[in-house]
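K.L.:
Single-letter residue listing:
2 protein chains.
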Amino acid sequence: MPAPQYDVIAIGNAIVDVMAPCSDELIEQLGLNRGGMMLVDAEQADALYAAMGPAREISGGSAANTLAGLAAMGARCAFVGQVADDQLGEVFAHDIRVAGIAFDTPARPGEPPTARCLIFVTPDGQRTMNTFLGASQFLPAERIDEEAIAAAKILYLEGYLWDPEEPRAAMRRAIESARRAGCKVAFTLSDSFVIARHGDDFRALIEDGLIDILFANEAELAALTGQAQLEAGCDALSGKVPLLVVTRSEKGAVACFEGATHRCAAEPVEKVVDTTGAGDLFAAGFLHGHAAGEPIDRCLRRGAIAAAEIISHYGARSEADLPALMARKLG
Amino acid sequence: MPAPQYDVIAIGNAIVDVMAPCSDELIEQLGLNRGGMMLVDAEQADALYAAMGPAREISGGSAANTLAGLAAMGARCAFVGQVADDQLGEVFAHDIRVAGIAFDTPARPGEPPTARCLIFVTPDGQRTMNTFLGASQFLPAERIDEEAIAAAKILYLEGYLWDPEEPRAAMRRAIESARRAGCKVAFTLSDSFVIARHGDDFRALIEDGLIDILFANEAELAALTGQAQLEAGCDALSGKVPLLVVTRSEKGAVACFEGATHRCAAEPVEKVVDTTGAGDLFAAGFLHGHAAGEPIDRCLRRGAIAAAEIISHYGARSEADLPALMARKLG
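Top to bottom, those sequences are chains A and B.
According to the working numbering, the first sequence is numbered sequentially starting from 1.
According to the working numbering, the second sequence is numbered sequentially starting from 1001.
Treat each hint with caution, since some may be false.
[Said to hold, decoys possible] Far from chain A by the CB rule (all over 10 Å, computed), these chain B residues:
1. Arg-1056
2. Ala-1099
3. Arg-1248
4. Thr-1261
5. Glu-1270
6. Ala-1327
[Stated by the list, open to error] Straight line, CA to CA, 25 Å or less: simulated SDA-like cross-link-like pairs of lysine to any residue:
7. A/Lys-271 <-> B/Ala-1324
8. A/Lys-153 <-> A/Ala-291
9. B/Lys-1184 <-> B/Gly-1074
10. A/Lys-271 <-> B/Gly-1074
11. A/Lys-271 <-> B/Pro-1268
12. A/Lys-329 <-> B/Pro-1021
13. A/Lys-271 <-> B/Lys-1184
14. A/Lys-271 <-> B/Val-1269
15. A/Lys-251 <-> B/Pro-1021
16. B/Lys-1271 <-> A/Pro-268
17. B/Lys-1271 <-> A/Val-273
18. B/Lys-1271 <-> A/Leu-210
19. A/Lys-240 <-> A/Leu-210
[To be verified] Stretches of chain B that chain A covers, calculated by requiring three or more beta carbons in the stretch to come under 8 Å of a beta carbon on chain A:
20. 1047-1054
21. 1080-1088
Honestly, the hints are just simulated from the structure, not real lab data.
Using N, Cα and C, we set each Cβ at its ideal position, and we do this for glycine too.
This is chain A alone, in the form it adopts within the complex (with noise of 0.2 Å):
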């Protein structure tokens, strides 16, 4: 029996959400760095939960945000991601297969428990992340199905992953298997402090030619490249990573490609009530345009969609019927 042939699988942090409302003075007290991602421990993390308020849990964990905005829209997908197995998990697994996406990595017993994300959420809608990676730290390279990547058109990567040992091991296997396949490589740098410590990887991943797409927010783009311009860190990465998406929240997005250099707004929101899962988001419409062969312009405009509609409601799974939108739109 052939493998099954996915538009895109991804490799990620298997997390759920705890989002909770916060004002900026807690922020402060509790010294988080606004707008930012920080690891956290099981104490730290349990510290942090006492702190905030009322909370809702929604499934997350970057790629798996993608992927969820991806199936959403039609697209074939595959997860590979590590839960234990307890509650957190069977809800991560519920959610991730319910919304058609394949999920076969074996929950693991034991500790650590699932990975959350705290997600204290200000008035302006931006978000701050504490994140315990629990059980997503231990997806063994075992997991990674090379059969599957081979038929696959995408290979997705988030960055986040990249910090733990084992984890880092089956991503580096699962490139190898997407590149003498004919896979194309898309990876995601998810946070600046991931590049402090991996940077060097990155850059090696990139001058060796493994990555096909990256994406990067700005300040990623510098911490990657040293270049604090974004026109600088662009050219920085010229004719070494084939296709670049850098994300700039309200000022839009660019990508370059084939020489070129392709801008796009930031599409209007009403009221921004949570940002979490924008850059995910972003990517989700992007790479749903570029597996389908669209022009740049037009996948940019379909990630700018598709992360204005993550931002408007808590949480980063989407809430709208996502192809009506984009055709809507996209007219």
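We have chain A; now place chain B onto it with these hints.
P.N.:
Here is chain B on its own, set in the frame of chain A:
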């Protein structure tokens, strides 16, 4: 040390709601009782969960929702309910404690897990609930703090919890403590199915003069009294229940108190997103006014305002600043 003095002590199910939008067709396919509440066993819960789309988890439980509203409006509250020693139990305990509600019932080790309610929300905002009671039905009577009840203004009891044997015994003990001490007993009938099973118990409590404040919706009032018409239902209880509050969804609410009938229109809502918790928050608003000695008409208005807030978003825990909302609406 004297027992802490609470405005309201509630005994109820300790439940986490698992909520997802769904089509009207799915409700039919699954054979669910649209708009109602159904008890399900573990196997049925698994099957329904598998049929449910991507969901979000938000703490719920009827009486707990009422307390969360009361606490948000400044009332001093305590909750008694049974969670299991698991992740959903931690979620429930966290959410109720950070809402400012005293909650000391120790988690129950082992199986069954914490109660959850699978809530399907149709496009009209109507919720269809399927409750797996889990640990919630094993609340032992020893958990009742008779001193705290004796010092409280109001003991609030959830009819749903009359179904399982242990909590029923706990509530009977709590009622006795309250009566002895002059603490008012408020009871919400919760759902017609509870009345179908335990109507005789409820009628006996009422005949014995043990209920000071009774909350019901129209269907529950009819099931309890055997009178299909609202007026006849109210008449049937007159002289037996000092204060009767009947909620009527978009038709508003009625209260019968000291021989007079008070009516209140529903508060207009821009869009009904999810009706989960409408009755619970009506009770919260009403009781908040009543505990402060306000006139019945103003208590009804408070109930209508709190109910309108809760149905304008997902979940049965308020997202608005309730005191500010009340101040704005009541002047």
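K.L.:
Would you mind marking each hint as holding or not holding in the structure?
P.N.:
Structure-based check of each hint:
1. Separation of B/Arg-1056 from chain A is inadequate, the least Cβ-Cβ distance of about 5 Å not exceeding the 10 Å criterion.
2. In this structure B/Ala-1099 is not separated from chain A by more than 10 Å, as the shortest Cβ-Cβ distance comes to only about 5 Å.
3. No Cβ of chain A approaches the Cβ of B/Arg-1248 within 10 Å, the least distance being about 29 Å, so the stated non-interface status holds.
4. Even its closest Cβ contact with chain A, about 36 Å, leaves B/Thr-1261 beyond 10 Å, as expected for a residue assigned away from the interface.
5. Remark: the non-interface label on B/Glu-1270 is consistent with the geometry, its nearest Cβ contact in chain A lying 14 Å away (cut-off 10 Å).
6. No Cβ of chain A comes within 10 Å of the Cβ of B/Ala-1327; the nearest lies about 19 Å off, and the non-interface call holds.
7. For the suggested pair A/Lys-271 and B/Ala-1324, the alpha carbons sit about 21 Å apart, so the restraint of at most 25 Å is met.
8. For the suggested pair A/Lys-153 and A/Ala-291, the alpha carbons sit about 7 Å apart, so the restraint of at most 25 Å is met.
9. Between B/Lys-1184 and B/Gly-1074 the alpha-carbon distance is near 19 Å, which keeps this suggested pair within the 25 Å criterion.
10. Between A/Lys-271 and B/Gly-1074, the direct Cα distance comes to roughly 29 Å. Violation of the 25 Å bound is thereby established for this hinted pair.
11. Note on A/Lys-271 and B/Pro-1268: the hinted pairing holds, with a Cα-Cα distance of about 22 Å set against a maximum of 25 Å.
12. Annotation: proposed proximity of A/Lys-329 to B/Pro-1021 holds, straight-line Cα distance about 23 Å (limit 25 Å).
13. Simply put, A/Lys-271 and B/Lys-1184 have alpha-carbon atoms about 44 Å apart, too far for the 25 Å limit, and the pair is violated.
14. For the proposed pair A/Lys-271 and B/Val-1269, the alpha carbon gap of about 19 Å is at most 25 Å, so the pair holds.
15. Taking the CA atoms of A/Lys-251 and B/Pro-1021, the gap is near 33 Å; set against the 25 Å cutoff, the hint is violated.
16. For a cut-off of 25 Å, the pair hint linking B/Lys-1271 to A/Pro-268 stands: about 22 Å separates their Cα positions.
17. At roughly 18 Å between alpha-carbon atoms, B/Lys-1271 and A/Val-273 fall within 25 Å of each other, so this suggested pair holds.
18. Distance hint between B/Lys-1271 and A/Leu-210 is unfulfilled; the C-alpha atoms sit about 50 Å from each other, more than 25 Å.
19. Taking the CA atoms of A/Lys-240 and A/Leu-210, the gap is near 9 Å; set against the 25 Å cutoff, the hint holds.
20. Counting residues of the region 1047-1054 of chain B whose C-beta sits closer than 8 Å to any C-beta of chain A gives 5, which meets the bar of three, so the coverage hint holds.
21. Beta-carbon proximity to chain A at under 8 Å applies to 3 residues in the region 1080-1088 of chain B; the threshold of 3 is reached and the given coverage holds.
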